[in-house]
Amino acid sequence: MTFAQFIYYNSPALIIAIPLLAAFLTLVFGRISSMLRNIWVVLSLVATAIVGLIIAYRVSIEGIIIYTFGVGSPGMAIPVDSGGIPVRILFEIDAMSSFMIITLSIATLAAIIYSIASDAKSTGRDNFYALFLLLTLGGYGIICTGDIFNFFVFFEISSLASAGLIAYRIEKGFAVEAALKYAVISTIAGIMVLIGVAVLYGEYDALNIAMLAQSIHWTFLDKFALVLLLSALLMKCGAVPMHFWTPDSYSLAPGSITAILVVASQVSLYGAFRVIFTLYGVVINAFTFGWIIIILGVLSMVVGVTMAIPQKDVKRLMAYHAISQTGYMLLGVGVGFALLGDKALLDSIGYMAMEGGIFHIINHAMYKGLLFLTAGAIFYRIGTRNLNKMGGLGHNMKYTMIFFVIGALAIAGIPPFNGFASKLMIYESVFLFNPFLAVIAMVVSILTLASFVKVFHSIFMGPKLPEYAHVKEAPPMMLIGMGLLAAGVILFGLFPQQVVDLIVSPAAHALVNQQAYISAVMGGA
Amino acid sequence: MILNFPFITMVLVTIIGLCIILFRKNLLKVIMGISLIESAMNLFIVALDFKEGGIAPIFTLAPLEPGVEPAAAASAMVLPVPQALCLTSIVIAVATGALMLSFAMLIYRKYGTLDISKISRLNG
Amino acid sequence: MRMSKIVTITADLLPPFILAFGLYVIAHGHLTPGGGFQGGAVTATGLLLMIVAYSYKDIAKAIRQDRFKLYESLGLIIVIGVGYIAFLYGATFFTNWLVNTPLPFGTYVPFGPNPGDLNTGGTMPLYNIFVGVEVFCGLTIVVLYMLSGLEEGEGSS
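Line order of the protein sequences matches chains A, B and C.
First residue of the first sequence? That's 1 in our numbering, and the numbers climb one at a time after it.
First residue of the second sequence? That's 1 in our numbering, and the numbers climb one at a time after it.
First residue of the third sequence? That's 1 in our numbering, and the numbers climb one at a time after it.
Calculated from the structure, these hints are not laboratory results.
Where is the CB? At the ideal position from N, CA and C, for every residue including glycine.
A few of these clues could be false.
[Said to hold, decoys possible] On the chain C side, residues computed to face chain B include the following (Cβ under 10 angstroms):
no.	residue
1	His30
2	Gln38
3	Ala41
[Unchecked claim] List time: in silico DSS-like cross-link candidates among lysine-lysine, alpha-carbon distance up to 27 angstroms:
no.	chain 1	residue 1	chain 2	residue 2
4	B	Lys110	A	Lys172
5	A	Lys454	A	Lys389
6	A	Lys172	B	Lys29
7	A	Lys181	B	Lys118
8	B	Lys110	A	Lys181
9	A	Lys181	B	Lys25
10	A	Lys172	B	Lys118
11	C	Lys57	B	Lys110
12	B	Lys29	A	Lys181
13	C	Lys69	A	Lys121
14	A	Lys121	B	Lys110
15	A	Lys172	B	Lys25
16	B	Lys118	A	Lys312
17	A	Lys312	B	Lys110
18	A	Lys389	B	Lys110
19	A	Lys172	A	Lys121
Start from the sequences, fold in the hints, and give me the full structure.
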């Protein structure tokens, strides 16, 4: 077997194995020299991104991939002497997982290039990069796994790594307070997931998601486990009413880490979708449950944008907007779920709503990441996040201003940027479902635009202030990181139809198709 | 009835832990409450697959007399999967507890107090 | 701050027994209850007993913290490396590649009542030993950092 074939067939294991080895070798290399460590970290994340793209390509050719750990070949999910039960831990990657892999790869590449310059003056950077690699490991693990206890383990790995990273700049204790709140919320969410997993295991004696999905009924214990799992995962992604940790954590983390935290929240949202669509699937009463998700989405949109308006801290304002954009995704996928029982409506409206919600995930990761990176660059140069003290920076930081304008127009849904494409799909389909919801969504979009116009005016417009006369442009590494995300924003905005046909539409169809997921493991039963 | 005792204990300890998290003001006591809930979880997981009259799943203690088949001796053992789940959960609880305790130490050093109503300086 | 006479005499006598028991639990992980994490935690307790009984400053001079961090990282790298070697045999990640080979640890664990053979089990004893090393070093470093923070906190802010 040649080296290229080896990587091709073992790619689901390599996407976990490369960050795992690289995280601990970083601690050894950091003692030798810091330039070696920087190069090693960037190379390993580039390698992981390449393996992720190989997996996405493989899924688009072959369908669902299975990778079993601990046996002679990757496809042997069911041992011969076990009576038809898959006993080993396996990774199951379908089109929705490969979509999330692409999102996470783009965000981590941009963030790592940015963070080489933005944390150059801090101490203990070995630990920072090791925790960064462990956070990406946790994210990839949640996306790829096909075993529900393995899901819990990777969920806890990513929570612990991000709690450690939020407290990285101690800053007179504010960041540590935010990290403590984040750690308490994550631990409680982890305990709730564990209770749900234990209840399901005790009932069906199986930990594999495909096997659970095959044998699940709708008893009282199943409803209990569903409520626990869903509220824990929505707590981790920042939906209202469990959103209180989001402003503190996003505003006090270092700039590059906030971009990754946004994607980590979307990965928890992916976990919630996996539980609803694949694990439970057809046994839930789709219409009532879909309305619950729609109501949570509408609440998130409205609360997020109204609490963002009076904010004075730039990153807190952007964090509230992140909550409201998560509401858009919940609205889109909720409409799709509510129509799951009705085939005709599903084909006409439901798939477009789900594609809009899923497309919004990758768009949000890119433009929100870009906005947080620009806010981090401004903080790096002038040392404050308070809007009242900033002004007139457009004269000094021209490239940062251009990137901020791109991000702000994308989040408000202005063509030709990518926010417009996904929001248009959500508006069209939700209007056919229930016109009142679409009106609320459009009003929220207008308020988002108003909020960002205010921010742009306070930071970049106005006369030159005397205390900022010496401020230079951001360092070139940061500009390369921001440029990567801005290129993605513009590209996805100019060719939305190709992107939807290539990666979003297979993802939406794979999410609805529970039977294909089960029969890939259990063998066509 | 007596087989239900682990589950009743688990619910009682979880309720005590939740009351501690909600009603106590000292940060270290909140962390201790979280640790109590995690211990109750481990008890719940281990008590899940208990067979009455079963033996511990250790290879060298299998009751293999000359007339007994290995499969029958294996089916008299309690299932070993929940024990592996419980071990993973304990390791995660240790790591989380160590992280939160070091955060509590840093907060005491910077803020000078451990009262949770005074720690919330970030608001808005 | 030293503890009373009873505590210091106990801390003089007990650590060799605790360390021996901890290493026994690590090494016999594939035969009896125990394994890497459990044995590593017991071994760390033996060292922490000395730290608690005597003052932190005396023990911190004797333990070199950067060496412990290096051993912790190396232990974990070897564990992941053992998982990687399974790729050379054409199998998937973390496969048990040592069973059915003439190398040491090459046979299956025997079923049924027997005194237990250490030279069995495949890659499991390797994982146990190196995870035990890692947990021992890791827990010691965590407690030493917490104690050093306490000392600093009393002196200044």
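Outcome of the hint check:
| no. | hint | result |
| --- | --- | --- |
| 1 | His30 | holds, 8 angstroms |
| 2 | Gln38 | holds, 8 angstroms |
| 3 | Ala41 | holds, 8 angstroms |
| 4 | Lys110/B / Lys172/A | holds, 6 angstroms |
| 5 | Lys454/A / Lys389/A | holds, 14 angstroms |
| 6 | Lys172/A / Lys29/B | holds, 24 angstroms |
| 7 | Lys181/A / Lys118/B | holds, 14 angstroms |
| 8 | Lys110/B / Lys181/A | holds, 16 angstroms |
| 9 | Lys181/A / Lys25/B | holds, 14 angstroms |
| 10 | Lys172/A / Lys118/B | holds, 15 angstroms |
| 11 | Lys57/C / Lys110/B | holds, 23 angstroms |
| 12 | Lys29/B / Lys181/A | holds, 15 angstroms |
| 13 | Lys69/C / Lys121/A | holds, 23 angstroms |
| 14 | Lys121/A / Lys110/B | holds, 22 angstroms |
| 15 | Lys172/A / Lys25/B | holds, 22 angstroms |
| 16 | Lys118/B / Lys312/A | holds, 22 angstroms |
| 17 | Lys312/A / Lys110/B | holds, 24 angstroms |
| 18 | Lys389/A / Lys110/B | holds, 26 angstroms |
| 19 | Lys172/A / Lys121/A | holds, 17 angstroms |
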